[in-house]
Every structure is written in structure tokens, then in C-alpha cells.
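> Okay, here's what each chain looks like letter by letter:
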Amino acid sequence: KNQVEQSPQSLIILEGKNCTLQCNYTVSPFSNLRWYKQDTGRGPVSLTIMTFSENTKSNGRYTATLDADTKQSSLHITASQLSDSASYICVVKTGAGANNLFFGTGTRLTVIP
Amino acid sequence: DTAVSQTPKYLVTQMGNDKSIKCEQNLGHDTMYWYKQDSKKFLKIMFSYNNKELIINETVPNRFSPKSPDKAHLNLHINSLELGDSAVYFCASSQDMRLPTSGELFFGEGSRLTVL
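Chains G and Z, in that order, are what the protein sequence lines are. In case it helps, this note's numbering puts the first sequence at residues 13 to 125. In case it helps, this note's numbering puts the second sequence at residues 7 to 122.
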């Protein structure tokens with residue numbers, strides 16, 4: 013069964029600290045994995061995409077990793093800022109079409125001063 | 007210039023009423039979607055239209071009826087609202103239905119529906 017699980021469900025960290033969010037999937041065949049950031053009261057916005065051949069990709073203070081063998085991805089946030097407070101959603105794509113997108117339930121990150 | 011805009015942002019109504027949510031995208035995309043996000047923040051696809059044609063219709067009560075007058079607009083009409091319909095509904099668009107390689111969805115800001 014195609015599933016995407018994220019951990020932790022929620023996380024509270026102090027401003028300036030680093031954190032890592034996890035995404036484990038059983039989706040097969042794998043096409044790509046995308047991390048979305050969803051601010052409160054807004055729609056999800058894409059942060060980064062990982063394809064099969066990519067192990068690490070950075071987007072500013074965000075670094076995503078992918079281990080296609082173990083079917084795991086992580087999103088590392090460096091030097092967190094208050095504006096990083098949001099839900100982070102992992103979405104795995106298999107094949108073509110929108111019904112081949114599998115969404116995780118997200119990690120709610122709260123950065124406190 | 008909002009890429010995907012939906013209205014209203016908030017909707018509070020009584021059980022049994024009928025309501026509509028409108029969505030428009032100015033990205034020139036061919037494909038539009040409706041997603042439902044429940045209280046646990048899980049996003050689930052409801053419908054997908056490609057160039058005004060319905061291509062995905064997940065297991066959704068037939069009280070929900072999407073309408074796409076043109077490829078830039080996708081509206082959602084809900085009849086006989088029930089308590090369980092309370093959720094945030096997101097409109098999204100993509101370049102085309104195949105979600106080529108990138109598979110990026112562009113979401114609207116959501117419409118929070120509360121059924122009392």
C-alpha cells in the first residue's frame with residue numbers, strides 16, 4: 013500500500029536552532045518527492061523537489077536529503093527563524109497524473125523566540 | 007498578482023444549506039484540482055479537471071459538484087451541507103494533467119468551511 017509517513021507530528025524549537033523533519037514512504041514506483049511549506053491560513057508552497065538520482069539539495073537554509081534505497085527523506089532547517097513556523101508536507105509522486113501523488117500528514121513546526 | 011485565487015476564504019453556514027467556492031488561476035495551466043484538508047491537516051484530492059474536462063473524481067459524495075466553465079476557472083458547489091463537510095478546501099493547478107517530471111502543484115490560500 014502506498015503511504016507517506018512524517019515525523020515528528022509536531023516540533024517546537026528555539027529561534028536559531030536547527031531541526032530535521034523526516035519523511036518515510038512506501039510508494040512504488042518512485043518518481044519524485046517534494047517538500048511543501050504551508051504557513052497558517054495559506055496554501056502549501058513547494059520548497060524543493062528530490063528525484064531518484066539526487067541525494068542532497070539545498071534551498072537557502074533548507075536542505076533536503078533522499079535515500080531511495082531506504083525510502084526516506086529528510087528536511088533540515090538551519091538557524092531557524094520565526095518565519096519557519098509552518099506545516100511541512102512531504103509529497104511523493106508515482107507515475108503520471110494527480111491521483112498518483114501521495115501526501116504525508118505533515119509536521120507542524122513552531123519556532124519560538 | 008495572485009496565481010491561484012479562491013473565494014470566499016471563510017464560509018460559515020448551517021447544515022442542509024447549499025454553498026459554492028470559486029477558484030481562478032492566472033498561470034495559464036491546463037489542469038485544476040480541488041483538495042480537502044481535514045482537521046489533521048491531511049490533504050486529499052477530490053476532483054481534477056483538464057481543460058474543462060473532468061479527469062479525476064475520487065470517492066466524494068455526489069453532493070459535491072465541480073464545474074469548470076473554462077480552463078482558468080474551477081468552482082465547487084456543495085449541496086445539503088453536513089457537519090462532516092467542515093474542512094479547508096484548496097484549489098490547485100498544474101501545468102498539465104500528466105504532472106510532468108516536476109509534479110508541482112500551485113495552491114490557492116484555501117477556503118475554510120464551517121458547517122453548524
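Since the hints were made in silico from the structure, they are not lab data. Keep in mind that the hints are not guaranteed to be accurate.
Claimed, not checked - Straight-line alpha carbon distances no greater than 25 Å define the calculated SDA-like cross-link-like pairs of lysine to any residue that follow:
| no. | chain 1 | residue 1 | chain 2 | residue 2 |
| --- | --- | --- | --- | --- |
| 1 | Z | 47 | G | 60 |
| 2 | G | 69 | Z | 101 |
| 3 | Z | 42 | G | 114 |
| 4 | G | 49 | Z | 59 |
| 5 | Z | 47 | G | 77 |
> Evaluate each hint against the coordinates.
Each hint, compared with the structure:
Restraint check: the Cα-Cα separation between residue 47 of chain Z and residue 60 of chain G comes to about 20 Å, which is no more than 25 Å; the hinted pair holds. For the given pair, residue 69 of chain G sits about 23 Å from residue 101 of chain Z by alpha-carbon distance, which is consistent with the 25 Å threshold. Taking the CA atoms of residue 42 of chain Z and residue 114 of chain G, the gap is about 14 Å. The hint holds against a cut of 25 Å. In summary, the hint linking residue 49 of chain G to residue 59 of chain Z is not supported, as the alpha carbons are separated by about 30 Å, beyond the 25 Å threshold.
Taken as a hint, the residue 47 of chain Z and residue 77 of chain G pair is honoured in the structure, with Cα atoms around 23 Å apart against an allowance of 25 Å.
Checked against the numbered hints listed earlier, the structure breaks hint 4 alone; every other hint is satisfied.
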